[in-house]
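Keeping their order, the protein sequence lines are chains A, B, C and D. So for the first sequence, my numbering puts the first residue at 216; every next one is plus one. So for the second sequence, my numbering puts the first residue at 30; every next one is plus one. So for the third sequence, my numbering puts the first residue at 7; every next one is plus one. So for the fourth sequence, my numbering puts the first residue at 179; every next one is plus one.
Among the hints, a few may not be true.
Claimed, not checked - Some chain C residues near chain A, calculated using beta-carbon distances under 7 Å:
no.: 1; residue: F425
no.: 2; residue: Y429
no.: 3; residue: L456
no.: 4; residue: M457
no.: 5; residue: F499
Keep in mind that the hints were calculated from the coordinates and are not lab data. On a predicted model such as this, the values are computed, not experimentally measured, just so you know. All residues carry an ideal CB built from backbone N, CA and C; glycine is no exception.
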Amino acid sequence: MSILTSLLLLPLFGALVVGFLPASNAKLVKQVALAFSLLVTLVSIVMALSFDRNNSAMQFTEVRTWISAFNINYAVGIDGMALVLILMTTILVPVVFLAGWSESENGRWNVKVFYILLLILETMMIGVFSATDVFLFYVIFEAMLLPVYFLIGGYGSGERAAAAMKFLLYSLFGGLLMLAAVIGLYIISVNQGGATFDIARLSQLSIDSTTQNWLFLGFFIAFAIKAPLWPFHTWLPTAAKSATAGTSTLLLGVLDKVGTYGMIRFCMSFFPDATKTFTPAIITLAVISILYGAFLAIGQKDINSLIAFTSISHFGFITLGIFALTSQSLTGAIFYMVNHGFGTAALFLTAGWMIKRRGSSQIADFGGLQRVAPVLAWSFFIAGLSALALPGLSSFVSEFLVLLGAFAKYPVAAILGTLGIILAALYVLLAVQRAIHGETPASSAGISDLNLREKIAIAPVIAILVLLGFYPKPALEVINPTTQTIMTNAGVSDPVAKVVK
Amino acid sequence: MTISTNLVYFIALPLFSSGLLLLLGRKADKWGHIFATLVSASVFIIGVIEFFAMQGREGEARAATQKLFEWISVGSLQVDAGLLLDQLSICFVLLISGVGTLIHIYSIAYMSHDRDRRRFFAYLNLFIAAMLLLVLGDSYLNLYVGWEGVGLASYLLIGFWNEKPAYAAAAKKAFVANRVGDVGLSLAIMIAFTQFGTVTFAGVKEGASGASAGALTAIGAMLLLAAAGKSAQFPLQSWLGDAMAGPTPVSALIHAATMVTAGVYLITRSNFIFDASPTAQLMVVIVGAITLLFGALIGTAKDDIKKALAASTMSQIGYMILATGLGPVGYAFAIMHLITHGFFKAGMFLGAGSVMHGMNDEVNMRRYGALRKVMPITAATFGLGYLAILGVPPFAGFYSKDKIIETAFDSGGIQGILLGSITLLGAGITAFYMTRVMVLTFIGTKRWDEKAHPHESPFLMWAPMAALAVGSVASGFLLNSGSALVNWLQPVVNANQEYHSGHLLPPIVVSIMALTVVAIGVAIAVLKYRTVPVVAPENVLGITKAARKDLYQDSFNEAVFMRPGQKLTAGLVNTDYKVVDGLVRLVGWVVQISASNLRNIQNGYVRSYALIMVLGVIALIAAVWMVTL
Amino acid sequence: MLSAPNLDYALLAPIMIILGGALIGVLIEAFAKPAWRARLQLVISLAAIVISFNQLVRVRNDGSSIAAVTSVSVDGAGMFLQGAILIFAFLGILVIADQDNFAPQASALPGSAEEAAAIQAGKQQTEVFPLTMFAVAGMMLFPVATDYITLFVALEVLSLPLYLMAGLSRRRRLLSQEAALKYFLLGAYSSAFFLFGAALLYGYSGTISLNGLTDAIRGNTGNDVFLLLGIIFLSVGLLFKVGAVPFHSWKPDVYQGAPTPITGFMAAATKAAAFGATLRIFYLGLDAAQTSWKPFIAVISVITMIVGSLAAISQRDMKRMLAYSSIAHAGFVLTAIVSLSENALSASLFYLFAYGVATIGAFAIITIVRDSAGEVSDVNRWIGLGKKSPLVASVFSLFLLSFAGIPLTSGFVGKFSIFSAAYESGNITLVVVGVLSSAIAVFFYLRVILMLFFTDATTDSISVVIPSILTRISISISAIFTITLGIAPSLVFDIAQDFAYFLR
Amino acid sequence: MDISNYIYLSAILFTIGAIGVVVRRNAIVVFMCIELMLNAANLAFVTFSRIHGNLAGQVTSFFTMVVAACEVVVGLAIIVAIYRSRRSASVDDANLLKR
């Protein structure tokens with residue numbers, strides 16, 4: 216049983232143990248849940264250390280038959296990209312537990328249910344990145360929505376029920392489209408040498424162009440809804456506004472990454488020709504998302520939906536990076552996914568603390584935090600800087616790689632994307648100016664600064680943002696082989712420099 | 030290229046100290062500022078040591094490099110965190126750390142009453158670290174990190190007293206304007222990478238000869254946009270005036286001596302791009318000329334002493350940018366003017382600071398008058414700076430500015446004459462507004478309001494001013510004796526043609542013309558400001574009214590960018606709700622409506638159910654009958 | 007010389023055992039003491055079902071097409087469905103055993119003195135058990151019948167008891183009697199169509215057996231008009247029983263009116279039996295003439311899926327909503343019929359079993375959600391159940407998620423297999439419509455879950471009565487089935503695949 | 179006289195029955211129309227049996243008669259129960275279950 220399967224089962228086992236704890240003793244429940252999530256982080260770090268850097272094939276693989284009738288089996292394995300995303304997930308979960316210590320109190324159900332749902336969600340998050348069987352991926356991809364649905368609906372605020380419903384319906388609709396595509400792919404594999412759901416063999420299938428386009432659309436729309444691209448994004452702000460800070464961190468930080476991860480892992484490797492035909496359209500959508508998300512972020516009144524719209528703009532960058540298909544832009548996009556995870560976590564958690572202290576989530580209600588709560592103000596400021604991709608922080612490295620890579624093939628898109636960084640400066644600094652600078656109004660005079668627990672929660676995230684900014688080598692080293700394999704599968708090579716020395 | 034190991038200290042020391050001071054918080058309040066000043070001084074000392082070590086080395090071995098670690102390596106993009114200290118960057122290192130240390134010392138006294146002095150010194154050290162990274166980076170990407178780091182530091186320093194919303198807005202405006210410039214720099218890097226496959230200066234230099242003219246012009250234009258953003262040149266110059274919201278030492282260090290000159294450094298460093306594309310050089314010259322006049326005109330009408338000096342900085346940098354556009358020989362003179370300007374402008378800003386310090390933060394010059402009696406040392410140092418900026422022979426300004434006017438004339442043809450006369454006109458206007466400042470502040474009659482009782486600033490403040498005054502006196506002569514600076518920079522900017530070739534006008538004639546124009550300017554100013562009303566008069570020439578409003582630059586930006594931007598955002602916010610979300614809700618609504626209609630068909634009568642069945646059968650029969658026909 | 011027809015008693019034994027059980031039930035009803043009657047009936051029927059299932063398991067490998075000359079062909083698919091119907095019956099009877107759902111004396115006038123007396127005396131007519139057993143016998147015969155006589159007889163034996171049972175509800179007697187009337191009139195109406203169709207097909211082929219019909223179509227001997235009209239009229243009877251759209255109007259009213267245990271049993275078992283016969287007729291009898299009937303069955307399946315999902319959205323009553331969802335599921339299985347492939351057959355067998363089990367569980371839960379005046383099936387009254395009794399609410403949500411086809415539930419695997427079979431045989435439009443209608447269906451399932459869990463309970467006191475041990479067993483069995491078939495479907499799926507064959 | 183005329187007769191009878199169910203209000207009459215449809219089918223069976231010369235049709239018609247009888251038993255029981263509780267046998271009165 217490979218370390219990956221044990222990593223998958225650990226949080227599930229944790230949820231079981233939490234299930235048996237007495238619901239009355241909230242403190243114990245929280246500590247046990249935190250302990251399990253830290254254990255998972257430890258195991259994932261051990262796995263990362265024993266990951267063989269220069270072999271780009273899937274590692275820690277394990278295959279067990281599940282439904283023999285359709286040759287569906289429990290097949291897991293990870294390459295560089297999946298490893299980096301799993302590491303991000305396992306680091307974020309304990310941070311979310313620690314940061315949202317009191318998030319689980321005023322929900323519809325008791326504390327136990329909150330942590331059981333989160334631990335189950337963690338299993339599914341790890342599972343979705345490590346599944347190498349398309350059916351297994353699809354099952355987790357759909358089932359993952361339920362814990363979040365109950366988390367938002369049960370523990371959120373504002374009209375949380377409607378937000379949860381909209382989120383679930385939107386993603387399920389995407390999921391069902393993908394179901395049709397998965398079935399199509401399966402049937403084609405039946406007629407071409409044996410029914411299979413294995414990613415490697417599915418990418419060898421030769422599919423005629425019209426079917427390939429339809430199947431590509433089936434997959435792509437589901438992923439475009441998940442990582443919200445421009446027209447499919449309206450569920451994200453409402454969900455982020457109603458969910459607790461911890462849930463929205465996981466929702467935007469990890470769950471949405473499944474969308475962009477899926478685009479790389481499935482859309483590109485199964486349907487290379489369709490990818491080429493649709494790339495111009497997708498690039499346009501990505502650029503629209505960048506500018507549209509930024510403009511709307513500037514216009515937001517509520518701090519959570521501001522962060523949500525910034526993420527929509529960032530997802531535009533990621534998709535631009537993916538579909539520009541040069542080694543710089545693809546590596547940049549994957550690295551961007553990781554950085555965005557930590558950046559959004561920092562933003563949401565600090566915003567969550569500010570909202571908890573001030574009691575309202577309207578930006579106008581804040582003011583002069585710098586005087587009253589300097590550490591909180593500074594962490595929000597640094598999180599904001601990572602959102603506007605300040606050099607020295609990790610998001611700059613990834614954003615620059617994406618734009619640099621995209622410029623080689625789609626100069627106009629890259630230029631418009633670069634204009635996005637001006638808008639990024641605007642929406643971050645406007646929020647910082649309203650929330651942190653200016654005089655401290657009487658209403659927010661009594662705000663207390665971060666306590667030790669919160670500092671411990673946010674410290675690793677900011678440390679990672681800075682460290683990966685200065686020394687991104689360990690992450691890039693792991694991602695590069697995956698990019699090379701994806702590029703060779705898609706039959707694309709880097710454009711060579713014009714002036715040969 | 031000698032490999033040296035102590036370049037990293039230039040950046041590591043100030044960065045470490047700024048991080049330490051910020052993290053330690055209140056605990057470091059007592060010794061924070063001393064520690065920061067010492068760190069800045071030690072960086073200066075290392076710089077001097079390196080300078081003499083460089084002089085010791087001959088020819089090629091002068092430049093020193095150090096590879097810290099491999100920063101980004103993806104596919105064909107290999108970027109190391111490498112540092113390069115060559116003749117050009119040593120000038121900047123010395124200027125930054127030297128003037129920086131003096132300003133650190135000055136700030137100890139100036140900020141003594143401020144509760145957050147430790148945080149101020151932390152930001153200053155952060156700025157020094159970022160600026161040194163900018164000048165020491167060996168590739169455009171490393172330069173870019175320093176470039177935005179400096180932008181961040183200036184944002185923090187301008188917005189130091191951010192409890193006042195106006196100051197916070199000024200800080201934001203500065204950062205966003207810089208960001209527009211940074212777009213230019215990143216695009217230049219992208220074009221360079223697609224053209225040459227590398228982003229290091231050496232690599233780009235090598236490839237520049239083979240690249241197409243269009244690409245080079247594009248890179249040049251983008252670099253110019255970046256320089257305009259950072260050095261507050263036309264069209265991105267609106268933020269410099271508001272940047273005066275920061276404490277005066279900040280304006281002295283950042284908005285006079287160091288940061289605003291980053292643009293000049295960038296263009297000088299990428300001289301191989303500009304030399305290879307004349308169109309780019311023409312653009313540089315045009316931007317320089319426009320800003321030169323633009324700054325000078327604004328300077329004539331500003332009553333706030335710091336805004337007047339800021340406008341003068343803008344126009345002096347216009348001179349430098351113009352010089353860099355005049356081909357290889359211009360680079361050296363631009364750097365020379367940059368260094369001399371660093372001395373006398375920083376000196377004047379510190380002088381203004383000590384005047385404000387004395388007049389408990391009164392900035393309106395119409396409230397000053399006859400301060401020379403009360404603050405003799407400030408008056409003296411400010412006066413020396415004044416003489417230097419005018420270009421009076423023995424002082425620094427004469428050597429650097431005249432050389433620029435000369436090269437402007439020498440660029441030949443109508444362009445030569447046009448540029449030469451613009452620079453001369455600029456010198457005249459500079460003389461006018463600088464004399465106006467001198468007269469309003471130190472000479473003339475006393476116009477203080479009751480509460481003000483000015484006094485001389487303490488030793489810690491006037492000592493750096495004196496040092497800078499000495500610099501503004503001697504630096505011009507030293508740098509020019511035997512064209513020391515030109516030969517020193519020769520390997521970097523290969524200004525090897527004899528710059529004495531074909532003069533349009535002999536140098537002596539040019540200097541005379543310049544001096545006469547300056548004299549005229551001084552005379553006009555002295556005559557005009559014999560009696561100064563305390564309240565700014567209303568009926569003034571149209572040009573002065575315009576100049577008071579910074580030639581409507583802000584209203585232009587608001588009209589063209591800000592308001593349409595806000596309207597677009599508001600428009601997008603409700604279209605997003607109505608259209609995109611609307612579509613989703615429409616689908617829900619349609620499903621709802623059709624569901625309720627379907628419900629009504631079920632009306633409960635058995636006979637209607639039976640009728641539906643019969644209709645179903647008839648439909649089937651009809652369909653099958655048609656199919657089989 | 008007349009030779010006695012050779013009846014393969016081993017294969018027919020399961021049906022006979024059930025009939026035996028039913029007859030004993032009638033005798034008990036007549037002679038046993040009232041106090042003893044209910045318990046005795048329950049034991050007898052459960053015993054009959056278990057013995058019959060045991061016999062079915064013993065003969066599972068030796069299916070033969072001439073079990074009763076040409077009338078019955080007990081083959082793989084038939085046996086699988088018989089097994090499924092027996093399981094549904096077992097679970098159904100457990101829920102039916104909870105007596106207070108049924109009128110003490112069906113014939114007594116509602117609200118009359120006579121009825122009040124019957125209630126005091128605790129007289130409790132338990133003829134519902136034998137009626138169920140007769141219905142089960144009919145249902146077991148219907149999928150294996152291969153000639154028109156047996157088909158028609160099985161159809162009637164299966165339907166008549168259901169018409170009666172629909173009218174037995176103890177509370178809201180008027181609604182229940184109205185449901186019975188509607189079900190009867192429309193049921194009889196559709197069987198008349200069925201018979202006339204059979205007559206026409208007999209006219210076309212000359213024999214009353216399906217095999218004869220296939221040979222006739224291949225030989226192209228008869229007059230085509232009879233064939234076409236015959237197919238249409240025959241399928242009217244079948245589509246009515248299954249609840250396909252133009253013939254679905256009875257379902258919502260009857261499901262709402264009939265007593266809930268009966269609705270649960272009926273929804274699961276009738277659908278399995280009806281689809282059994284439809285599969286056989288279309289796969290064996292009419293597969294040679296598929297070009298003529300495939301288009302209109304496809305159209306019906308599309309309309310059924312869409313109307314089933316759409317109409318459910320605005321329903322106020324829980325039972326009516328589940329009725330529309332069962333109509334939508336009928337639409338999905340119809341796509342399997344249109345696909346006419348071996349995979350489609352195994353997919354539909356699995357789908358019928360998975361869906362049937364979940365339906366019985368869902369309706370069982372509706373029986374135990376009550377207020378002072380008995381069952382509450384108004385959806386708005388269920389608000390906040392998640393808070394009051396989380397276990398019941400989460401089990402009910404599990405069943406709804408299975409209907410919606412959310413992964414890790416049996417419904418998902420069923421839908422996946424049906425859609426892949428349909429895709430394989432080329433009707434991709436059906437798959438797309440299927441996917442879209444399940445997207446619409448998800449909307450109303452989630453609205454209910456949202457109501458259960460996320461809206462706060464209002465004042466009126468609906469409370470979950472502690473269900474009798476039998477109902478609790480039935481609900482937990484169906485829940486376990488729904489989960490296990492979701493996570494490890496190959497347990498039943500492999501059986502479905504082995505049994506997916508028809509013998510001519 | 180050609181035997182197939184009986185087929186047309188049975189078809190006509192069937193349609194009359196079918197329309198009768200839709201048009202008439204009284205439950206008993208509706209039920210009679212259904213019986214009429216069943217007998218039309220019987221007639222068809224017998225006629226086809228005569229055309230094909232084998233007895234299968236006639237045997238089937240016996241079975242349908244038996245089944246029709248059972249239907250009568252059940253149907254009338256339900257209709258009588260409805261009548262006693264509602265005092266009217268009209269099919270349209272039974273419309274509580276709707277929408």
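Taking the hints in turn, this is what the structure says about them:
no.: 1; hint: F425; verdict: holds, 5 Å
no.: 2; hint: Y429; verdict: holds, 5 Å
no.: 3; hint: L456; verdict: holds, 6 Å
no.: 4; hint: M457; verdict: violated, 9 Å
no.: 5; hint: F499; verdict: holds, 5 Å
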